[in-house]
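Visitor: If you're matching them up, the sequences are chains A and B in order. If you're matching positions, the first sequence starts at 110 in the working numbering and goes up one per residue. If you're matching positions, the second sequence starts at 54 in the working numbering and goes up one per residue.
Be a bit skeptical, because a hint or two may be false.
[Stated by the list, open to error] Where chain A lies over chain B, by a calculated footprint (3+ residues, C-beta under 8 angstroms): (1) 124-136; (2) 139-147.
[Unchecked claim] On the chain A side, residues computed to face chain B include the following (Cβ under 8 angstroms): (3) E136; (4) L137; (5) G139; (6) L141; (7) A186; (8) D188; (9) Q283.
Since the hints were made in silico from the structure, they are not lab data. Don't be surprised by glycine CBs; every beta carbon is placed ideally from N, CA and C.
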Amino acid sequence: MGLLDPPGFRRNRHGQVWMHLQPQERELLGNLLEQLTGLLEPPEPRAPVDPLEELVGIDPAAVRPADPALARLFPDAYDDPEAADEFRRFTQRDLRTMKLERLALARATLERKDPTKLTDQECAAWLAALNDLRLTLGTRLAVSEDGHEPYLELSDEDPRRGMYLIYDWLTYHQDRLIRALDKSLPK
Amino acid sequence: MSVAPVEDVEVADRSEVETPWVCIVWNDPVNLMSYVTYVFMTYFGYSRDKAERLMLEVHQDGRSIVSSGSRDAMERDVTAMHSYGLWATVSREQ
Chain A
110 MGLLDPPGFR
120 RNRHGQVWMH
130 LQPQERELLG
140 NLLEQLTGLL
150 EPPEPRAPVD
160 PLEELVGIDP
170 AAVRPADPAL
180 ARLFPDAYDD
190 PEAADEFRRF
200 TQRDLRTMKL
210 ERLALARATL
220 ERKDPTKLTD
230 QECAAWLAAL
240 NDLRLTLGTR
250 LAVSEDGHEP
260 YLELSDEDPR
270 RGMYLIYDWL
280 TYHQDRLIRA
290 LDKSLPK
Chain B
54 MSVAPVEDVE
64 VADRSEVETP
74 WVCIVWNDPV
84 NLMSYVTYVF
94 MTYFGYSRDK
104 AERLMLEVHQ
114 DGRSIVSSGS
124 RDAMERDVTA
134 MHSYGLWATV
144 SREQ
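So that you can see chain A by itself, here it is in the shape it has in the complex (with noise of 0.2 angstroms):
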């Protein structure tokens, strides 16, 4: 891969998965990467952790989180509302746990020289976290199946316009990804 090829994410033909970006690319990446962790990180515990708990990774305190981005990225699991809950507190804290690794493991890969060769790891990493980056701001959008109509109603100074920006270039590099991981799809 070659710095005058587009930027993105791209198998070469050794089967190597590549990421090349421009610099205010890798900026906005990781100044979104390190927004969302900051959102995923757990509030200071109130009372003292149950080491029995900590060790089994129960978090009684789990409940369904009240800012809807994060309602869908730690959705309920059933349907009655006591099952969710109960569910919630046996599998609440590893699911964040898991998403703030993946989230670390992606902002380091930034900090290496462009273009970067990722590990498995790594590309599983951004790949998720491509989709929790874009699961959040399509929350925030209220991003619907018919598509990006409000996007248009929108003035020229409402904020919302560059978030739908920043969301469809997201599309963009996670599309790229899904490709360069995915063999039997066309490049």
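Add chain B to chain A, keeping to what the hints say.
Guide: Relative to chain A, chain B alone:
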């Protein structure tokens, strides 16, 4: 470790096996069709044909049963789907 009689537990377990549980993936406007297909292929090990058929079911019908089995196994699948950012729930097979 408890040495209580286990007969009652076994009866309860058997009824759970007789009524299998399912993992349902729901449609959402953000996840890319190619991504959902890729997740079904990667996590479940489904063929491209099967993964695409399930993805299209999610997209067109609003939901698809993507796996079935014990409650424990379905909870694992749902947690995995959530880790990928897919919207999934566990329920008893209808």
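Visitor: Report the numbers of all earlier hints that the structure fails to satisfy, in ascending order.
Guide: Result: hints 3, 4, 5 and 6 break, sorted rising.
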